[in-house]
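K.L.:
Sequence:
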Amino acid sequence: MSQALHSIARELRSALLGGDHVLANRLVSDYTDALRELWESMPESDRAASSIPQQARELLTWAHDMTVVRRAIDGAQLAVVQKAGRYNAARYGASPRPGVQFRG
75 MSQALHSIAR ELRSALLGGD HVLANRLVSD YTDALRELWE SMPESDRAAS SIPQQARELL
135 TWAHDMTVVR RAIDGAQLAV VQKAGRYNAA RYGASPRPGV QFRG
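Mapped onto the numbering used here, the consecutive letters of the sequence shown carry residue numbers 75 to 178.
Think of the hints as simulated: they come from the structure by calculation, not from any bench. The C-beta atom is built at its ideal place from N, Cα and C for all residues, glycine as well. Hints are not guaranteed to be accurate.
Claimed, not checked - Label pairs and their in silico Cβ distance ranges:
| no. | residue 1 | residue 2 | range |
| --- | --- | --- | --- |
| 1 | 125 | 97 | 22 to 28 angstroms |
| 2 | 138 | 117 | 50 to 56 angstroms |
| 3 | 91 | 111 | 22 to 28 angstroms |
Please put together the full structure from these sequences, using the hints given.
P.N.:
So, in structure tokens, the structure goes:
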């Protein structure tokens with residue numbers, strides 16, 4: 075696999091582990107473009123023995139699984155924030171506001 079693909083794959087893993095889904099989405103697009111370019115530049119005989127499809131499948135499967143896990147974690151954290159907001163509203167007699175609000 076080319077250095078460019080390795081670099082993009084490393085950045086993609088880092089973005090997903092860091093929860094940067096916007097960057098990860100862009101990197102998946104970059105990865106597939108670089109992968110297509112590499113694949114199309116390879117002779118047919120090299121394609122047959124190449125491990126590139128398996129490596130790409132493993133990376134993209136991992137990326138999908140990590141995205142599902144991060145969404146579940148983020149959902150659980152949001153539920154805790156909402157529960158704390160309802161608890162504080164009830165404790166201090168204020169009516170709870172729908173949604174999440176952040177103060178600067």
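K.L.:
With reference to the structure, classify each hint as holding or not holding.
P.N.:
Comparing the hints with the structure gives:
| no. | hint | in the structure |
| --- | --- | --- |
| 1 | 125 with 97: 22 to 28 angstroms | holds, 27 angstroms |
| 2 | 138 with 117: 50 to 56 angstroms | violated, 31 angstroms |
| 3 | 91 with 111: 22 to 28 angstroms | holds, 26 angstroms |
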